[in-house]
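Chains as they are written, first to last, in our numbering: chain Z, 1 to 122; chain P, 1 to 577.
Heads up, some of the hints might be wrong.
Said to hold, decoys possible - Computed beta-carbon distance windows for the label pairs:
(1) Z:Pro65 / P:Gly326: 53 to 61 Å
(2) Z:Ala13 / P:Ala32: 40 to 48 Å
(3) Z:Pro65 / P:Ala494: 34 to 42 Å
Claimed, not checked - Restricting the straight-line Cα-Cα distance to at most 30 Å, the calculated cross-link-like pairs of lysine-lysine (BS3-like) are:
(4) P:Lys475 / Z:Lys2
(5) P:Lys408 / P:Lys477
(6) P:Lys408 / P:Lys479
(7) P:Lys475 / P:Lys492
(8) P:Lys400 / P:Lys477
(9) P:Lys400 / Z:Lys55
(10) P:Lys475 / P:Lys408
(11) P:Lys475 / P:Lys400
(12) P:Lys408 / P:Lys90
(13) Z:Lys55 / P:Lys477
(14) P:Lys479 / P:Lys492
(15) Z:Lys55 / P:Lys479
(16) P:Lys23 / P:Lys90
(17) Z:Lys2 / P:Lys23
(18) P:Lys492 / P:Lys400
(19) Z:Lys2 / P:Lys400
(20) Z:Lys55 / P:Lys23
(21) P:Lys23 / P:Lys408
To be clear, the hints were calculated from the coordinates, so they are not data collected in a lab.
Don't be surprised by glycine CBs; every beta carbon is placed ideally from N, CA and C.
As a plain string of letters, each chain reads:
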Amino acid sequence: MKLTIWHRLFGLALIGALSLELLGDRTTPVEVWDYPLFFALMGLFGCFILSLVAKGIVSPALDRPEDFYGPEDAEGDWTSQSPAARADARASSPATGTASDVSAETSGRPGAPTEPSNGGEG
Amino acid sequence: MFGAFTPGLILIAFAVLLPFVPKATRSWVFLAAPILALLHISGFTPGMTTSWTLATFELTPVRVDPLANVFGWIFALVTLIGGIYAIHLKDVGQQSSALLYAGSALGAVYAGDLFTLIFFWEIMAFASAYLVWARRTDESYASAMRYLFVHIFGGSLLLGGILWQISETGSLAFNTFESGWPAWLILGGFAVNAAVVPFHAWIADAYPRGTITGSVFLSAFTTKTAVYTMARGFPGWEILIWAGLLMALYGVTYAILSNDIRRVLAYHIVSQVGFMVTGIGIGTELALNGATSHAYTHILYKGLLFMATGALIYATGRSKMTELGGLFRQTPAIFWFYMVAALSISSAPFFSGFISKPMTIAGAEYAGTPTVVLLLHLASVGTFLSVGLKLPWFTWFGSKPDTPVTVKPIPWNMYAAMGIGAGMNIVLGVWPAPLYGILPYEVTFDPYELKGLKKGFQILLFTGLAFYLIVDRLKPKPKIQLDTDWVYRVSKDAAWRFMVVPVQRVFAWGERTSWAAASTLARLGIDPVSVARTGRPGPQTDDHRSASTELRVPMTLMVLISAATIVGILVVVSLRG
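The following block holds chain Z by itself, in its conformation from the complex (with noise of 0.2 Å):
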């Protein structure tokens, strides 16, 4: 792996980091807090805690296809798609694997949305 400035920079950082624990008065630890690098390595295994924990157990339990809840959930591009467009979009491409049908929420009702979906932005 080649090293750039930036690998050499953040290196440099880190070290300057540790190198704090050398600053100040030495006391006794009466937390494990107080020992020398824990908040580094709180900063490294916590990372690697939480990460574990949602990419490993939440995400397989939990993850679901983004129009799980009806095609029109899936919000996304916000420039060009008018409701009409989108309801095109839709007709032409038929949604996969929903469990509710939000269309139902939202048929017939009165005022019909008819400008742009990004909300007179511009």
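Knowing the structure of chain Z, use the given hints to seat chain P on it.
For chain P alone, kept in the frame of chain Z given last:
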């Protein structure tokens, strides 16, 4: 005669006037409202109150004290910054509802009684829902309806608790609550707005679907008003420590997985409000100062985060990390503004979050709750991981998406608002004295002690190292994650079938029956003499028939309803007598 009035009324008055202002100047007139509110607040002195008598109750529409003032200042400030961000906007509905929303939030924080509180609380719910609805897409409409559903539920809990509280104490005063059923109901109402797990899903559902400018306002008011009310009514309630911890960790876990950039930020509201709720639960002066100051800085940096991501969505038309990437060269200014906010929320030294979040954690440390301290530090790691590293990496760096991104220029006012927001986050980070000077209690905490700096730098840099090592495993996926809104989203059809349809049937039966009864009576009433003689109605002419259908039946129905109402009232009065 009326005494001091709440600054919220200034914003509400402008919200009403705005539709009558010429379109070309409307955005500028908008800005006058928060400026006047700020001037009004600057004239407030702690201890100032306004009291009215309503029937036998004493109302206090305005109560000025340090706690209310902290929230008052920042609410008015963020309304001004949000107004600048929205100068280009040509939608008077959004502009008026934003002012109405901000005004009612200000009204709620200066409310000294529960009646005034719930009055503004309910206005807030409807005005904010409009900012989601105003995007005018099917999903934003549905999301706004779910948002309203949840907030009406929360408002009902609050109203029930208030009525119960009045019946028990006879007082409308909004002060610290004693434990009991009314207090629990009121706390439930506050918890819904504070996005306490499991009542939090509305935030990740609605905020990513709000308009670009609307979500900036949304990020500021609802949850922080709830934090204020919790700090006022429930300091030191231990359950809030654990509720806050759950929020802090739950929020970051979902944020790590989210694909939509504003959904990442929405989950981080849950997480950051968790820090505040924990501080309130600890309830010491240090922890309450921490929670209050964190609410203040949170409004500043979260507003900037929503402004920067909103600007990116405006420029690219995309909101998902899987559809973004490699945009640094095209949108460098937006990236740097975003990073100021991201470093602030991660409590990096010299940024605003560094003067507030560590104060909350120090509150837990001094309260002798090591588990709480460790879990809050873990949540801090998750904050930097998802908002400070993952989101910017996969949005502005990382690999480019398959479909090229077209970047259009953003209005000057968006840059101006982000610049002001970024400047305030940095100034407050290096010079916390102005904020510390207005906190409810005297501040003895110094974030820039060596210990604090060591903690701040080590956590951030080593989280960065870990991210560098596992970045490929954190690549976003085009997925959503099930959350507690699943309960009311999938059960909606069943709820309709079992709760709405039977009621509709009862009403339909009642309508048919009463119409048939009125129709029969009307026919008998055409010739009552014939009925008395023969027991049957007399012969009907064409005139009679048309009169029966056009006038007689509805009139008879009205008479029947009136009679039933009078009988009902008489029965109730006689029973009570």
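Verification of the supplied hints:
no.: 1; hint: Z:Pro65 / P:Gly326: 53 to 61 Å; verdict: violated, 26 Å
no.: 2; hint: Z:Ala13 / P:Ala32: 40 to 48 Å; verdict: holds, 46 Å
no.: 3; hint: Z:Pro65 / P:Ala494: 34 to 42 Å; verdict: violated, 22 Å
no.: 4; hint: P:Lys475 / Z:Lys2; verdict: holds, 23 Å
no.: 5; hint: P:Lys408 / P:Lys477; verdict: holds, 26 Å
no.: 6; hint: P:Lys408 / P:Lys479; verdict: holds, 27 Å
no.: 7; hint: P:Lys475 / P:Lys492; verdict: violated, 33 Å
no.: 8; hint: P:Lys400 / P:Lys477; verdict: holds, 14 Å
no.: 9; hint: P:Lys400 / Z:Lys55; verdict: holds, 23 Å
no.: 10; hint: P:Lys475 / P:Lys408; verdict: holds, 26 Å
no.: 11; hint: P:Lys475 / P:Lys400; verdict: holds, 13 Å
no.: 12; hint: P:Lys408 / P:Lys90; verdict: holds, 19 Å
no.: 13; hint: Z:Lys55 / P:Lys477; verdict: holds, 11 Å
no.: 14; hint: P:Lys479 / P:Lys492; verdict: holds, 22 Å
no.: 15; hint: Z:Lys55 / P:Lys479; verdict: holds, 12 Å
no.: 16; hint: P:Lys23 / P:Lys90; verdict: holds, 7 Å
no.: 17; hint: Z:Lys2 / P:Lys23; verdict: violated, 57 Å
no.: 18; hint: P:Lys492 / P:Lys400; verdict: violated, 39 Å
no.: 19; hint: Z:Lys2 / P:Lys400; verdict: holds, 22 Å
no.: 20; hint: Z:Lys55 / P:Lys23; verdict: violated, 49 Å
no.: 21; hint: P:Lys23 / P:Lys408; verdict: holds, 24 Å
Checked against the numbered hints above, the structure breaks hints 1, 3, 7, 17, 18 and 20 and satisfies the rest.
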